[in-house]
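Chains as they are written, first to last, in UniProt numbering: chain C, 1 to 389; chain L, 1 to 389.
One or more of the hints may lead you astray.
To be verified - To be clear about the criterion: a stretch of chain L counts as covered by chain C if any three or more of its residues have a C-beta under 8 Å from a C-beta of chain C, and this derived list gives those stretches:
| hint | stretch |
| --- | --- |
| 1 | 18–25 |
| 2 | 249–260 |
As the list claims (entries may be wrong) - Partial pick of chain L residues on the chain C-facing surface, computed with a CB cut under 8 Å:
| hint | residue |
| --- | --- |
| 3 | T71 |
| 4 | G75 |
| 5 | S87 |
| 6 | N92 |
| 7 | K115 |
| 8 | L162 |
| 9 | I165 |
| 10 | S246 |
Hint data in this document are derived by calculation from the structure and do not stem from the laboratory. Note that the Cβ used here is the ideal one computed from N, Cα and C, for glycine as well.
Now for the letters of each chain:
Number of protein chains: 2
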Amino acid sequence: MRIVHTSDWHLGKIVNEFSMLDDQRFILKQMIDFLVQQKAELLVIAGDLYDRSIPPADAVSLLDEVFYRITVEAGIPIIAVSGNHDSPQRLNFASRIYERSGLYVEGIYNKTIRKITLQDEFGNIHFYCLPYIEPAIVRADFPDEKIHSYDDAFRTLIHHNLTEIDLTERNVLVTHGFFSYLKNPDAVERSDSEISIGGSDLIDASYVDMFDYVALGHLHRQQKAGRDNIRYSGSPLKYSIQESTSQKSITTIEMREKGELSIKKYGLTPRRDMRVLLGSFEQLSNAANVQGNREDYVYAQLTDDSLIPCAMDKLRTVYPNIMGMELIGRKHEFDASVSAAAAVKNKTPQELFEEFYSAVKGEEITDSRRTMASKLFSKLQGGYDDETN
Amino acid sequence: MRIVHTSDWHLGKIVNEFSMLDDQRFILKQMIDFLVQQKAELLVIAGDLYDRSIPPADAVSLLDEVFYRITVEAGIPIIAVSGNHDSPQRLNFASRIYERSGLYVEGIYNKTIRKITLQDEFGNIHFYCLPYIEPAIVRADFPDEKIHSYDDAFRTLIHHNLTEIDLTERNVLVTHGFFSYLKNPDAVERSDSEISIGGSDLIDASYVDMFDYVALGHLHRQQKAGRDNIRYSGSPLKYSIQESTSQKSITTIEMREKGELSIKKYGLTPRRDMRVLLGSFEQLSNAANVQGNREDYVYAQLTDDSLIPCAMDKLRTVYPNIMGMELIGRKHEFDASVSAAAAVKNKTPQELFEEFYSAVKGEEITDSRRTMASKLFSKLQGGYDDETN
């Protein structure tokens with residue numbers, strides 16, 4: 001069976017005020033074309049189909065369209081589970097009705113691990129489907145077990161539900177969460193935004209060693225979680241600037257007889273890349289220096305050592321979809337002045353302005369400018385008094 | 001074909017801060033039992049399945065459960081259109097996929113009128129399905145037509161889409177809106193909350209004369225719209241106190257050969273009725289006088305002629321689900337004083353209090369009380385001055 005594994009579509013996501021919907025439509029069309037060309041026999045989506053529990057109506061329409069084209073038009077079944085960004089109930093709507101049409105959506109955790117059995121020329125493949133789980137919810141279902149962590153919750157579910165797994169047949173787990181081998185958790189790379197405080201969401205990947213393949217979602221970077229056949233497909237698009245250097249892809253698994261499978265990645269090409277531009281303002285603001293698509297989502301790291309007025313607006317004339325900017329040449333000095341901000345309350349506007357002037361210009365304010373500022377502040381404060389009286 | 005017609009479920013509705021979800025679950029179970037017992041062959045839902053475009057997750061789960069039990073467990077197909085309270089895109093999700101399972105949801109208006117053809121022993125029955133429409137949206141699709149009103153929009157759609165209707169076969173229209181014969185629009189009864197300003201949402205029922213049956217939704221009172229076979233099924237529950245006197249029901253249509261059909265109503269019994277209690281506070285607050293279910297949603301009309309302190313709280317000990325109260329014994333006087341409220345700005349607190357005192361007590365304030373009030377107001381105003389200085 002030719003299985004394609006993807007996850008973390010995050011339909012409806014907005015990144016730095018840019019809606020990703022057109023990018024998502026573009027990349028999903030590419031994915032559908034690939035499924036059809038490669039004669040895929042199953043698409044597995046390991047959670048986070050939507051970016052939030054109440055997705056915008058346009059995102060709902062897009063998922064409707066994509067599901068229709070894959071299952072009905074292309075005749076390729078889909079198995080999907082909900083992720084932590086999805087609403088279990090909303091994603092689950094009508095799922096028991098439409099699964100006759102080859103669309104299996106396991107939206108709601110319900111104490112068990114749903115098993116869906118499909119066939120190919122080598123026999124059965126059992127797909128175990130587990131939506132994203134929270135320890136507190138699993139704990140309520142198993143009051144006799146000590147469940148404090150995600151690891152406890154997952155282990156309990158595996159222990160109670162997989163007693164009759166047939167290890168002579170092929171078994172695949174589809175789920176959403178943070179899996180790694182506890183003996184070496186740092187082998188799995190997460191971006192800053194993916195790390196939860198204390199790392200308590202970590203689940204030991206050794207619990208799933210008995211599966212022939214584990215299709216994971218949650219982390220946006222494609223990677224194996226310890227073993228080659230316990231994998232994150234990663235998201236189909238870059239959704240934060242931390243992901244700018246990772247190549248996005250979908251994962252294909254060619255499953256033959258038990259124990260025989262080959263895994264490949266197929267790179268996806270976005271409508272607009274998301275990337276970091278490094279250089280001086282002079283270099284980056286010169287349209288002649290543009291490399292790649294100027295409509296990409298870019299993030300400028302300016303090497304300049306002083307602030308440039310209206311830098312974003314000027315860069316936007318070259319890169320219309322610029323998402324952000326930072327001045328890395330002066331970063332340490334600014335950090336220092338930020339840490340001094342705690343003392344702000346005890347300073348007059350005049351003092352604050354003089355400090356700001358020095359920080360930006362790198363020199364003391366001149367006497368004439370000090371006087372000019374002083375007059376301005378007096379006038380402004382007079383203005384405020386007029387309003388409050 | 002034995003068709004059951006319902007509409008206006010408004011799942012997730014909250015009436016006077018009471019969630020109707022348990023009542024809805026109860027009444028829909030009753031409806032499902034009826035469908036099974038009567039061996040219904042089709043359920044038609046004429047819009048407003050949800051109460052709002054983003055329904056609560058519990059309401060989504062309830063609709064999921066009801067659809068599953070009817071279509072999959074009972075094997076009875078469903079045809080539904082969206083109403084003005086539904087989100088077209090959200091209701092439509094996956095509908096093209098699950099319609100293989102006998103669930104037809106026409107959520108999104110798309111310039112046409114969808115025709116679904118089902119068969120019985122007498123031949124074809126064509127179900128024309130039109131979601132709730134807005135004139136502005138239809139106008140955009142037909143720029144050459146003059147579309148100002150709902151009537152214009154509907155007439156245009158009928159004109160463009162029903163040119164090939166086969167009048168030798170049976171045809172049913174399922175839609176959501178306000179239909180009546182324009183020559184006698186008042187024949188259709190609407191509650192205050194259902195009347196839009198100017199009545200511009202009225203559609204002439206004579207446009208749909210060619211149909212063998214028209215299954216309408218929008219008005220909550222079951223009734224015919226001019227002709228016997230152009231009907232509102234009404235909502236399955238009372239959703240406002242204005243509906244307290246109407247008996248809720250579903251409508252059954254037994255369709256035989258062309259021109260032969262019989263229409264019946266089947267009364268529904270709610271978990272809790274919604275009704276008006278008329279009487280003095282003394283009568284109504286006495287538990288011994290309770291008639292019917294004290295857990296009903298009641299609205300007390302007190303015949304007393306003076307205000308009763310904490311009347312709602314006291315009545316709630318007898319009727320735990322009391323939704324509201326009004327003092328009808330003094331209604332006219334209060335109306336008069338309310339109409340005088342426009343002059344409030346020109347009166348002192350003391351004057352306002354004296355008027356209120358007279359209105360409540362039915363007599364002039366005494367001198368000693370006037371003095372007491374005067375001192376209190378002086379003190380209070382002094383207090384305010386302290387705060388503002």
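Check: Hint by hint, which ones does the structure fall short of?
Finding: Those not satisfied are hints 1, 2, 4, 7, 8, 9 and 10.
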